[in-house]
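J.: Here is what each chain is made of, one letter per residue.
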Amino acid sequence: MILSLLPLIKKRGLLVAMLTVVLGSTLMVSAPSVNAQELTEASLRLKWLPQAQFAGYYYAHAKGYYREEGIDLTLNPGGPNLVAENLVASGADTFGISGGSDSLLAAVDKGMPLVSVGVSHQITPFVFVSRKDGPVKTLQDFKGKKAMVWFTGGNYVLFGMLNNAGIDRSELTILPQQSSVTPFINGDVDVIAAMSFNELYTIKQQIGEDKLRLFKSEDFGMTFPRDTLIVTKKTAQEKPELVKAFLRASIRGWHDAMANPKEAIDLVMQAAPTLNREHQEFMMQESYRLMTAGKAKTEGIYWIDEASLKSAHDFLLKNKVLSKPVPIATAFDGSFLKSIPIELRNP
Amino acid sequence: MNVARDLLKHLCEALLRGALTVLTMAVVWELVVRVGGVPSYYLPSLVDVLAAVTVAPGAYVDSALRTIAETVLGFAGGAVFGVLIGVAFFQWKALRDYLFPMFVISQTIPVIAFGAVVVLWFGNTLWAKAVIAFYMTFFPVTVNTLQGLNAVDPRQVALLRSFGANAWQLLTRLRLPAALPQIFVALKLGATLSLLGAIAGEWFGDSVGVGVLLLHAMYNEQIPALWAAIFLAGAIGTLLYAVMSYIETRFVFWRDEL
Amino acid sequence: MDMYTCDSMPSSRSEGSARSKLLSLAGMSKSYSPTVCALNGLDLSIEPGEFITVVGPSGCGKSTLFNIVAGLEEPDAGSEIRFLNKPVNKASELLGQVSFMPQRDLLLPWRTVIDNAILAIELEGKRRADARRIALDMLPEFGLAGFENQYPNQLSGGMRQRVALMRTFLFGRDLMLLDEPFGALDALTRTMMQRWLLDVWQKHRRTIMFITHDVEEALFLGDRVLVMTARPGRIKLELPVTLDRPREPDIVTSPEFIRLKRELLIAIEEESRKSFAPTPSAGH
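Chains as they are written, first to last, in the working numbering: chain V, 1 to 347; chain B, 348 to 605; chain W, 606 to 889.
Hint data in this document are derived by calculation from the structure and do not stem from the laboratory.
All residues carry an ideal CB built from backbone N, CA and C; glycine is no exception.
Incorrect hints may appear among the rest.
Sample of chain V residues at the chain B side, in silico, Cβ under 7 angstroms [what the hints assert, rightly or not]:
hint: 1; residue: Gly78
hint: 2; residue: Gly79
hint: 3; residue: Leu82
hint: 4; residue: Thr182
hint: 5; residue: Pro273
Bound conformation, chain V alone (with noise of 0.2 angstroms):
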């Protein structure tokens, strides 16, 4: 029970504080904390539960980047009943990331007062998984099969997909992807939807690598950057300093994190100690890959590129997502990142 009653006795420590406060400043004897001062509170909510997709925040936060750069940062879970723009546009969290370029341009063409100071995940951070002895071998064999994908945007990515090489998406059968990849792994679907860096593992871990067969939407001219960095439009006007600070420090993390990679897992399975280690460390390396891919290579993480997110956006007008254009610069403002050196961003 001790455990559990800390934050009570926290509370009442903050009370007996706030109470101290008072009476010391109406006797002129408080001598406020410097820390308080300087500090700016803030808080980051994550796209998804703890794990190492988020690997460089949680070394940050530990190593006390973003408390150097004068951020009191609260880094705050996502889950499947949240969604990151609705608590960052309600004031409830300064910092998010939110799904992708396709919810975040959704979103801003909803007149939700956003705007992403950085991108994480260049490329479509997840693939189409069919079985090497399966009937699926090309994209041309989708026709007429049972193909499971995500409907909260992923399921644009396949359209895109079947559009591209011509296919009809009403010859094949799209079935909504819950959280599981049990229906592909006992044959009941043909091909399912799989984050790189998460249900791929499963896949690889029950079916086997070499017996999979991957389809990667690049590889099909579609691309969605996903895991957008967003704040509302007031901060970013208003606060511009500390989107720089947090993302010199979120860099910061990402960098330290890749390069001890044994205690970045260990900071991230402090916060979700059920976690799989296996799985964490493959996630990190494949998230920070998905990180440094295409243009970041040159540009450096976070980079907002244009070219790819104004194709996801004309994909997305087309199929009726948008109401109306969104121009990318309303939605996606790199300046905050142009002022780091690129050094400092370069992987």
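With the hints as your guide, set chains B and W onto chain V.
T.: Okay, now just chains B and W, sitting in the frame of chain V:
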């Protein structure tokens, strides 16, 4: 402390009785998995489930304590509020006519929708979960309190009135004690519901708690860990129910009379 | 409240007696709806220290009469109540003024014997410890010594009834209303309880109004037996019980007892037949 010893004895007896059932079920489970060849993602071996706990036992202990704290806080608040509102509704019919429909509507909001709002209000705090646990508890307690107060034998009311009892005395000496069995039905239900509320609350971006364990296991397809979290939730639920049942036997020892 | 009135019946008020009355009712009526009239023009007076028993056919309004005297129901307009020689404007003024004991013992199951017994005086505002001390001294007299910490569900029917009686006695009011207190007891227990009640009454000298179905009980206990008419209820017969006290159990075989019993039975028989008549005589 006599009461503490009694509670311990009560719990021990319940545990012993339960242990036998659990042991039998465990043997059957293990047989089905091993002999029946059930794939581990349908039903993992209990040995694997235990192994999942031993990987990070601290996480299970911390999560259990955290979830219990949230549940107990929310439950206690919901119980007190529920009884007070039940009494208020009973005493002032107008209040009931105006507010009760709102209470009913509040309960039609799915806890998942409500949870998102609560997280916006309270952030990832223990209080946010306590509020959801509270939300799950207060309504059944209000309804049963009201029902219990209304169900009091009118002849007993007449008797106390003939002795010159005022409204407050009628409430404290007769109506509330007479409503206790009904209230306890709701409290036992509420203990389970508030745990459910706390767990659901933890699905909105928390980092510690049984709900978090469930989420992690579910989305990382760690089936043994999922079962470990389910068992943990079940154990907490059983514990809370047992404590409420014990308190009930202490307070409503005369129930067989009604 | 008093929307309905019974067709008025002539009141046979006997204002003559100069002796002070504890309670007097005149022209007492009570109707629940235009067709349901429980009491109609009932007159009644009780002297201090008297033991009055009330008998009558089922549904004759005996309980309505008690509820009004206990202050729980209001009679129709025009009914007159005097209590302790003072006019009572509303029956509810009588709440807390008389010791009322309903048919069932209505003990509170969560209270011990002693705490059930002190319920009324506790509601009056007496401190619980003081109340308990008084009640503890009284327990042997009510045959409850040693049972003070038992709960009602551990007691026999007769004991429960004695706890209820003790509760009524402890509530030290001048008038006690006992509504068929022994109705649910077996014959043997009932006889024991009747004799015991007479002992207690003679010692404490309280005024008792006692409802019963049992003609022998009414005669054995009462100074005066009132026979009520079928609904709507009024007093049909006032029979003074000319039997000496203290009364022994064998008194029921005496010629005088049998004579009185016959007189009562004839009166009740007449009224019972009325209440079984095909058309209800509910004042219309």
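J.: Confirm or reject each hint.
T.: How the hints compare with the structure:
Residue-level restraint check for V/Gly78 holds (minimum Cβ-Cβ distance to chain B is 6 angstroms; threshold 7 angstroms). Because the beta carbon of V/Gly79 sits about 5 angstroms from the nearest beta carbon in chain B, less than 7 angstroms, this interface hint is met. Given the 7 angstroms rule on beta carbons, the hint for V/Leu82 holds: about 5 angstroms separates it from the nearest Cβ of chain B. Evaluation of the V/Thr182 hint against chain B yields a held restraint, the C-beta minimum of about 6 angstroms falling below 7 angstroms.
Satisfaction of the interface hint for V/Pro273 is found here, the shortest Cβ-Cβ separation to chain B being roughly 4 angstroms, below the 7 angstroms cut-off.
In summary, this structure violates none of the numbered hints.
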